[in-house]
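Undergrad: Using the hints, position chain S against chain L.
Line order of the protein sequences matches chains L and S.
Taken in order, the first sequence gives residues 1 to 407; the numbers are from this note's numbering.
Taken in order, the second sequence gives residues 1 to 304; the numbers are from this note's numbering.
Note that these hints are calculated values from the structure, not bench results.
No experiment lies behind these values; they were computed from the predicted model shown.
For each residue, glycine too, the CB sits at the ideal point set by N, CA and C.
Mixed in with the good hints there might be a few duds.
Under 8 Å between C-beta atoms, here's a sample of chain L residues computed to sit facing chain S [as the list claims (entries may be wrong)]:
hint	residue
1	D112
2	R145
3	K257
4	G260
5	I262
6	K263
7	G264
8	T395
9	R399
10	Q402
11	V405
Computed footprint of chain L on chain S, listed as stretches where at least three residues anywhere in the stretch have a Cβ under 8 Å from a Cβ of chain L [unchecked claim]:
hint	region
12	54-68
13	162-168
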Amino acid sequence: MAEDRDPMIDPMRASFARAALSRRTALTGLAAVGAAGFLAACGSPGKAPTSSAGASKTPLSAPDLSDTEKVVNWSNWQAYMDVAGGKHPTLDAFAKATGIKVKYNEDYNDNDEFFAKVRPLLESGKDTGRDVWCSTDWMVARLIRLGYVQPLDKANIPNATNLADSLTNVEFDPGRSFSLPWQSGFAGIGFNPKSTGGKTVTTMDQLLHDPALKGKVTLLTEMRDSVGLVLIEQGVSLATVTADQFAAAIQVIADAKNAGQIKGFTGNDYTKPLASGDTAACVAWTGDVVQLRLDNPSLGFTLPDKGFTLWSDNFVIPAMAQHKKNAEKLINYYYDPAVMAQVEAYVNYVAPVKGTKEALTKSDPTMANNDLIFPSDATLARAQVFRGLTAEEETSFTRQFQALVTG
Amino acid sequence: MALVVPVGRASRKRPARKRGTFTPLLLLAPAMLWLTIFFVIPTFSLASQSLQTGDIDNGFTLTWHFQTYADALSRYWPQFLRSLVFAGSATLITLLVGYPLAWFIAHRSGPFKTMLLVLVIAPFFTNFLIRTLAWITILTDNGPVTGFFRATGLINVLRWLGLVGNDTLLYSPFAVIAGLAYNFLPFMVLPLYTSLERMDMRLLDAAGDLYANGWQTFWKVIWPLSLPGVVSGTLLTFIPAAGDFINSKLLGNTQTTMIGQVIDAQFLRVLDYPMAAALSFILMATIIVMVGLYVRAAGTEELV
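So that you can see chain L by itself, here it is in the shape it has in the complex (with noise of 0.2 Å):
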């Protein structure tokens, strides 16, 4: 038929064929090139599991560039550094009395967040661009374990001697070698009396059970913080809990979830809805409240009896990273504690520098005072740091805590 019709289409016809067949032949031939790269991806992840023995890895260290070039590149979370007219002023004069240039980058938004971003470039031994940056407790614990930090030359860190007791000899460092602290805080209960009715909150028995409270409830997703102030609250300590009692807390909160208690776990965000009133009351961080009391006095802010959890994010210096001498430098420099005064008259968390209230009793006496800012030692005997968790823990507790999070 279709030769009857037009046989001058033929051979375009023909043309169509073999475009088809030759299609096909690149499919076939591209589908080798899939297949080889699947056996490429089947072969190259992880490392021999024998690597690891158990214990830490040795971390990579790269030439130090110090010496010729005068910069440092520091990764920090946001609104954690003193601002006056756009420009950071400690920064400013960093540079100006040492001649070295501050790259400072307000990258660091979440511990997992930035170490996923990191890690594949610390696992292959490369550099990842930064000298140092700031970690919270528990990730500077895992980073040590897998040897992605490098430990501090305290030669170039003199101040560091001004590192307060409370926090020289912590379970994961030990004698300080890797770590010291840039800031700490503490989490707490946070509430809104305008849609609390009035109350206070003072117990996570409360924040969890009362019914005045209900749907208006944000945790942390940071798990050390929420779960620990829950096992405080059990009169468990937090330097030995175990799996039976972190499960049994784990437990406490998912009957609130289950409940309709708690409307959600948060991050950094928790602080709009909280001044809004739209969340009555939530697991907070000291600096935050601080922050947001300076607009709303009214909001209300309890460190529970029982205890609460202390956290600090800490300076390291990742393995490979090429200005390591400036980086020491810079954190010498914010250990002498009238720079760190300077910060915290920003910040408003609680320093770790020795000194930094004296310091800051010249500028402003009525912020030396806050309990929240420089916990007197009856406040700073409740708190409690998570202990050190091994990677099977450090997984399993997650995948619970996660499971609730996302269930």
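TA: Showing chain S alone in chain L's frame:
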């Protein structure tokens, strides 16, 4: 006429035919390369990852651990189901809102056509996250929207439908679906506009001449002709909405978790890369199957 094809002619055609076989391939090459590097290889790598076991301390090794898929499904099937329901509802809403809008812009907007089209896209000038965060302000507890829903009793209807938990709109399935519908509306309006705009309006006159009433004209003439736009619009909306995790994270509560959030958590926080990979693969497979069935049911041949 003729089985007789002049020999000379055929031989003259041959070089042309040859060129014909190479040119399309050459033209395809950039796209093929792109697909290989950014789709085929990552897909295989993902498949491999999903069958590995291990942890970040000791690395991951391929052990053909298919159990991960069974675990993923048994543990997270509610989130899968919820994602499909939420994305489906949002798609339906965008269709109901977008269709009249696209019709209006295409045929009734006169000199304002370009401006209206720009306005449809205008929200994209703002960051996706900011747009979603704005919904927190819009639906806030003491805001006018919540006030309106309470005053009219509509909130009771929503509660009866299970779309809100108590008397607040925020942090509920309602808020998540509204956020999804809002964020993906332009993806629905633009394809609809394209297919409605090139429709020959004389067909409507013809339908009128044949005594079709308004509804019949729509159902027998306009709707079938707009199907290509409907299909591409629904696909462009449904597929990204099903994997979205921002809306459910910011506007939802602990009972509205979608699968994107689970994948995010497994990958970033639990560091269970195989589980995250398996979940992604299941999501991909589910969507491919659903889209396949949908496109087949809609009759693909006429739709391009």
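Undergrad: For a quick check of understanding: which of the numbered hints are violated here, in increasing order?
TA: No numbers; nothing is violated.
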